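Asker: So you can see what is in the structure, the chains are spelled out below.
Protein chains: 4
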Amino acid sequence: MKKIKFGIIGVGRLGYEHACNLASRIPGAELVAICDGNEKRAKEVAEELGVSAVYSDPKAMCENPEVETVAIVTNTASHVEMIKIAMEAGKHVFCEKPLADTVEKCKEAEAIIEAHPDQIFMLGFMRRFDYSYEVAKKKIENGDIGDLILVRCYSQDPRAIIEGTLEYAPRSGGQFIDMSIHDIDLIRWLTGSEPDKLWAIGGCYEFPQYKDWDDGDNVSCLIQMKNNIMAFFFAGRTAAHGSAVETEIVGTKGMLRIGATPTDSLVEVFSENGVCRECYQDFITRWHYAYIHEMEVYCEAVREGKQPTPNVYDGTKSTAIAFNCKESFLKNDLLKMD
Amino acid sequence: MKKIKFGIIGVGRLGYEHACNLASRIPGAELVAICDGNEKRAKEVAEELGVSAVYSDPKAMCENPEVETVAIVTNTASHVEMIKIAMEAGKHVFCEKPLADTVEKCKEAEAIIEAHPDQIFMLGFMRRFDYSYEVAKKKIENGDIGDLILVRCYSQDPRAIIEGTLEYAPRSGGQFIDMSIHDIDLIRWLTGSEPDKLWAIGGCYEFPQYKDWDDGDNVSCLIQMKNNIMAFFFAGRTAAHGSAVETEIVGTKGMLRIGATPTDSLVEVFSENGVCRECYQDFITRWHYAYIHEMEVYCEAVREGKQPTPNVYDGTKSTAIAFNCKESFLKNDLLKMD
Amino acid sequence: MKKIKFGIIGVGRLGYEHACNLASRIPGAELVAICDGNEKRAKEVAEELGVSAVYSDPKAMCENPEVETVAIVTNTASHVEMIKIAMEAGKHVFCEKPLADTVEKCKEAEAIIEAHPDQIFMLGFMRRFDYSYEVAKKKIENGDIGDLILVRCYSQDPRAIIEGTLEYAPRSGGQFIDMSIHDIDLIRWLTGSEPDKLWAIGGCYEFPQYKDWDDGDNVSCLIQMKNNIMAFFFAGRTAAHGSAVETEIVGTKGMLRIGATPTDSLVEVFSENGVCRECYQDFITRWHYAYIHEMEVYCEAVREGKQPTPNVYDGTKSTAIAFNCKESFLKNDLLKMD
Amino acid sequence: MKKIKFGIIGVGRLGYEHACNLASRIPGAELVAICDGNEKRAKEVAEELGVSAVYSDPKAMCENPEVETVAIVTNTASHVEMIKIAMEAGKHVFCEKPLADTVEKCKEAEAIIEAHPDQIFMLGFMRRFDYSYEVAKKKIENGDIGDLILVRCYSQDPRAIIEGTLEYAPRSGGQFIDMSIHDIDLIRWLTGSEPDKLWAIGGCYEFPQYKDWDDGDNVSCLIQMKNNIMAFFFAGRTAAHGSAVETEIVGTKGMLRIGATPTDSLVEVFSENGVCRECYQDFITRWHYAYIHEMEVYCEAVREGKQPTPNVYDGTKSTAIAFNCKESFLKNDLLKMD
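Residue numbers (my numbering), protein chains in the order written: chain B, 1 to 338; chain A, 339 to 676; chain L, 677 to 1014; chain R, 1015 to 1352.
FYI, nobody ran anything at the bench for these hints, they're computed from the structure. Keep in mind that the hints are not guaranteed to be accurate.
In silico SDA-like cross-links for lysine to any residue, where the CA-CA straight-line distance does not exceed 20 Å [claimed, not checked]:
hint : chain 1 : residue 1 : chain 2 : residue 2
1    : R       : K1151     : B       : D264
2    : R       : K1073     : R       : R1055
3    : A       : K475      : B       : N273
4    : R       : K1240     : R       : D1278
5    : R       : K1017     : B       : L49
6    : R       : K1267     : B       : E272
7    : A       : K655      : A       : S510
8    : A       : K381      : L       : K678
9    : A       : K475      : A       : N565
Note that the structure is predicted; figures quoted are calculated from it, not measured.
Chain B extracted, bound-state conformation (with noise of 0.2 Å):
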């Protein structure tokens, strides 16, 4: 099997993850070459990682002939710049979600990866190759559950953390746009269809400060979809039990749960305080063999030369349906698609 050589854009929390991952657990994958904005941190993990290419400058990286793809883990202001480099180098590219920080930004990219069609655009949508969420869409395939009713999804991060997250809000674009679009990718893949009408609501429940940011600490959304499945999504910065991300699909023959007990381990704690499970705490963690199995799915694709999902346009469907989903909770007001 030829292994796919990687140069890396970004290698901040998830960026350094990728960054190891594609250096030693994907069996298709080789890291050539690592860019940062922060060289001295390009060349700790350069070194860390055994790579000997380092760059500050990613169109340096994509002038190196030995780099074949880019990732692009980048902040999402500039993926869209990143793709366009990339791209125009000749290079196929991995990007991370979400696509852009605007409806406009994603055309872009959909025109610049329009105008390479040989070249093979894969998004990190990392739920969609969760072992769990394969498992789910397999069943729901092969219509154990029968049609569609409804979708739901949580994603909840820990109270734990939330320093950290309070810092990031205010350029975070939103629980909508930094958060439950994951969710609006599920919603979209697991449907099929796309919204036609929705309603967000939420608040400030203990956080008054993303008032300030137009948003809210704790969201959801009802969502109406074209071929009338319902959709309900719920997300919150205060989980006081850890990472949590839910999905339930209701079919007319059964129902399929993931993830309703987000456990760190196959442990059952008995103590004063019950029987409990203790659930992951970092959404890294949670996700660290779905961010290894994507890549081995955009490998094989670069491989087979065939475009894979999610592509440039599930980017940009989401983000717009993420931007509806603000202006509804900013409005109060129900919100009907075009």
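Let chain B serve as the given structure and place chains A, L and R on it in line with the hints.
Answerer: Same frame as chain B, but now just chains A, L and R:
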């Protein structure tokens, strides 16, 4: 402890359950009279339970001086008429939910009950008296989960009984009035607030006949309460796993989930299907002890001469909200409450 | 349905529970007489339950012709004497477990009961009447799990009540006779066989005082049944999580686990501790409905004039086995049954 | 981080898994040579994994100077011979469990390894490296559950693979040596002690052919450890639900249960069967990450030049205990250790 002497009107399926409970499962109660429009049925039940006073006419039963209180378990449409008969005969009244099939009748019930302030009245929202719900309520009042953010309620009937469900559907009042009214009551009880805005959706995912009844086989509703707590409920008639009532309360300091696995026993079955918990197939089994406990609470109220809850206003309000949901569902539009 | 008229001997903690059940929670039963060596206690309970016949002398109560059956809930050492008094007075007898504190007394009980074949006798191994155990038994009889391989039984008392446990320990008969006898009965009932060989071990893991009583605070035993089914039981006094009784039956086609999470309600608590189920803290709460149901079964037996199980021989055998376990434990050696 | 260069001997089912892990899933490892008696198989795997040095003779491979360490994944009977070859060639050695098929050979392995004190040796009891077991061990060491009272271990193979199980059975060494040895290792590891007395029982509950191999299809054993902790293990070949390994540790202050529901994913399936969790059907899937993590630990030991555990003595002791269990089982008698 003085035993409260009951006459019961209506000994259909649920009425029979109440009659059995009053006859021999509630320390503070005694069943002394039975009335049913179907006199043969009334006699059979009376004989089985050792009750000598049997009636087909509610008025006649209410003239019996031995009867201190009347339990009304007739069809919803006749509830208010029965309340009037019993109240005017000087009896205390326990009335099954829902209070009535129109808001106008609910208002009429209010007037009747207000005219007899010394007679006890209680409405049978039995879920409030289920041990699990009592445990949850206590934890909330104790501040264990902080301030409330979201209440999510599911009520699902088993697909296994769909034939009976369909037969009863046309005269049931529909999902919102017949089924979701329980969740509406729970939402009001748990949040201590009233809906400000709501949007109800749903449809016929398997049984198109619900369309003819201006209803869906599965519906849901998102509610913004006046105190800004979010509420979401879902009601369905096609649950493969059984009679499932689940309620979740998300707070700023923790979450409670009631009945997420609606288990019939403490048995886990390890088989080719994996590790399984079997579910209730029957709402009377699920709420057996809640039905007993609500009567214990009611008897205590009669003995102490203090008006209990849920009261007639709880009945009116939940009915009005259920009709609001139906209106929103039929218009497929957001509804702002007064 | 004819109501069976009970006189109860002994209204301590569990006797009071039985008295309340007989007075008003069992359709086919009526409590007409109360006897307790502590006459003041007898009078208090009688007044509370509306019973007019009060005694401090069991013989006197058994002369009361209104009393059809006697429920014996005295200390274990006096059970057989009470059985004798009641049987010789012509009464049916329900006796709490264990049958007696020596095998000799058990044999004496057998003789008394055999001398009165027309009088009903039943021993109170209430676990057999718990809904979950009934469900499991039915599945086994139905062949759902194939042939039996292993029965595993845990009985744990909550550490929270250790003071009372320690106070009662010296006169309890020890773990095997007081606690494991329930599991011994379950093993006999589930396997339909008797022990062939057994080895009991254990010790004082926290409370050295058990040593003085020839006992351990936690003990276990492996049993080879005559039909070669394996059985293992564990009994402990120091469970942090509550009053835990778990039983597992491994068969060639499946496994059943009862009470692996001994939950007090259907509430899951999501908190800093993870996702927790709270447990029973009290055996009377755990077995509340089993205590009621065993009396229903007993009443039915009296009405029908048919001897029920568990019978006197179940009492003798489980007592003998418990003493065998103790012998094995004290000798720390394998014991071969006759 | 320096990459440790591995040669692997044996690329059957589990050997192939190790080869894949070493080739591309372990940051600190590199697979440089493959040896298998079946040369065709060796070549296929080498080609797939991009390894150029291929051998059918272990000695030849051990002469390759590029190979720093040998991973032995051959049949149990040949382990010690392979250890000898590798050690004498100056290589570090990782050897799959069990160490050998006789205690004599284990002793021989001890002598070989002691003769090469500067070469690292580690035995592959992978369960110790499973995340859930690591979590449990840490909690125990942290005192979270107080002093240990009882360790209970279950190892069950899925009935679904019974044909392969039966085929392999005659040369497997039997339940105690092949399967329970894992639990014996866990018991030693968790209790920090050795057996004082033990009694093993069991039989042929479904497959009489095990009798011919002096074995049972399901067996169990009660062990009294020298520090008086109780241990119980059960091993079976007929589990309907899947590949189930469960371990429970009862302490004076709490209990831990690992793998009580051996779930394959975070998906709960709500269907006619109730609420179900699906289980692992395959031990390689169950222990995938434990196999990776044990190699990470081994590589770290090689890099640091420090002898890791489990070591050769762990291998000898667990093997000796497994033979003791078999002896007790065949004699059906209690066995006292020296």
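Asker: Confirm or reject each hint.
Answerer: Right, here's what the structure says about each hint:
| no. | hint | verdict |
| --- | --- | --- |
| 1 | R:K1151 - B:D264 | holds, 15 Å |
| 2 | R:K1073 - R:R1055 | holds, 18 Å |
| 3 | A:K475 - B:N273 | holds, 18 Å |
| 4 | R:K1240 - R:D1278 | violated, 37 Å |
| 5 | R:K1017 - B:L49 | holds, 11 Å |
| 6 | R:K1267 - B:E272 | holds, 9 Å |
| 7 | A:K655 - A:S510 | holds, 19 Å |
| 8 | A:K381 - L:K678 | holds, 18 Å |
| 9 | A:K475 - A:N565 | holds, 18 Å |
In terms of the numbered hints stated before, the structure departs from hint 4 and from no other.
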